[in-house]
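S.K.: Chains as they are written, first to last, in this note's numbering: chain F, 31 to 260; chain Z, 31 to 260.
Everything hinted at is true.
Pairs involving identical chains hold if they fit within one copy or between any two copies, as the list cannot separate such chains.
Calculated pairs, DSBU-like style, for lysine-lysine (alpha carbon to alpha carbon, straight line, at most 30 Å):
1) Lys72 / Lys46
2) Lys46 / Lys96
3) Lys109 / Lys40
4) Lys96 / Lys40
5) Lys164 / Lys46
6) Lys109 / Lys257
Just so you know, these hints were derived from the structure itself, not from any lab.
Number of protein chains: 2
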Amino acid sequence: VRRGRPTINKVWGEDKAILLGDYLLAKSEELVADTQNLRVIKLLAQTVMTISSGELNQAFSAFNLKQTRQQYLQRISGKTACLLSLATESGAILSQAPEKSVEALKGYGYNLGIAFQVVDDILDFIGTEEEMGKPIGSDLAQGTLTLPAILLLERYPEDNPVRRLFQNEDRQRNIELAMELVRNSSITQECYAVASDYCARACHNLSLLPDNASRRSLIKLADYVVKRRK
Amino acid sequence: VRRGRPTINKVWGEDKAILLGDYLLAKSEELVADTQNLRVIKLLAQTVMTISSGELNQAFSAFNLKQTRQQYLQRISGKTACLLSLATESGAILSQAPEKSVEALKGYGYNLGIAFQVVDDILDFIGTEEEMGKPIGSDLAQGTLTLPAILLLERYPEDNPVRRLFQNEDRQRNIELAMELVRNSSITQECYAVASDYCARACHNLSLLPDNASRRSLIKLADYVVKRRK
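Use the sequences and the hints to build the structure in full.
M.R.: Written out as structure tokens, the structure is:
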């Protein structure tokens, strides 16, 4: 379930969902080819390489307890952050913006992407399935260590539900325990502080751009990313 | 198993194999972007669209008995044929060949691809697992109707092991029966006649090119495609 609706994987099966994904990716490459801008064409290809190798990395580190904040930030930078910076950087290049503005918008997208992903990972602990339109606690269930889980492991290194879960003990019970511990501690706040910090960096990236409606929209978007509940 | 060795799907699992596939596809797009040739860049994107929608089509028509030779040829033209013509057409474009040579080499790749796929589909009935380095009879097992199976259905419209297999009766037994019937009839020859015809067309496409070592290699390749046992 995503956005409250069954996924293509569920409706058509995984084999067909993969093919549809390949088709859509190729379609986006065709559209980018139509811009005739070689820099943007190459940027898309390189971003897909970064994202797929990042996801591969994540898949190989599933159920591995030895992951630091640093590794987490690296992982999401090669996922959501580079996807969003692809969008903002490409937009700037195609608008023939000066190189400094291209760099500024690339940085904005990158930092916004980190903030967005940190909030997404928080909401997987503290959100509700109704609001999110997708199952909650799915990162832990899939063995993915996100920032809240890493902070929880730092705080309780020995007796920890995440540790027990990753050792395959009483999975559902330990997922619920971990979510409860995160909700009832300052970990949520600490994670939000990280997200807010990246949002502030994103807005700072915009400071060299002229103060107009477009810039105000981008700043509003950064505010929304931290405030959103879905 | 492929080429006698376990596949990535088997070794790493399907989720990681998909990500590796995405990575390799993006890598090829990066390499193509490096040619700076917009026509070839777009050709690659469009070919991936054709192949993925063709495979999607094939997945949706699995276990459907109502498929004609015509539909089969359409299906493999959007798969192997367009993949091989991508290679030959791109090579010609990047070598700055005159437009007539580009068309000739595109046609050669296309017809060679049809021939290659028909032979592949024959060998899935009459080859051996040892020679092929992959399981035999896998098309039928996956519910894919290829040329030998379509001819078998035309010849015995009522009582037919393929029909029974697709109705989910005694699967292994009916796969073996279908393979035996194809082996011991003129269907194999009939399919090889189709493959040889496309190889002849492929070689005919080369007739406007100068008679040199390169052209002779391409003609030898066409011969090999029909003669190969693996």
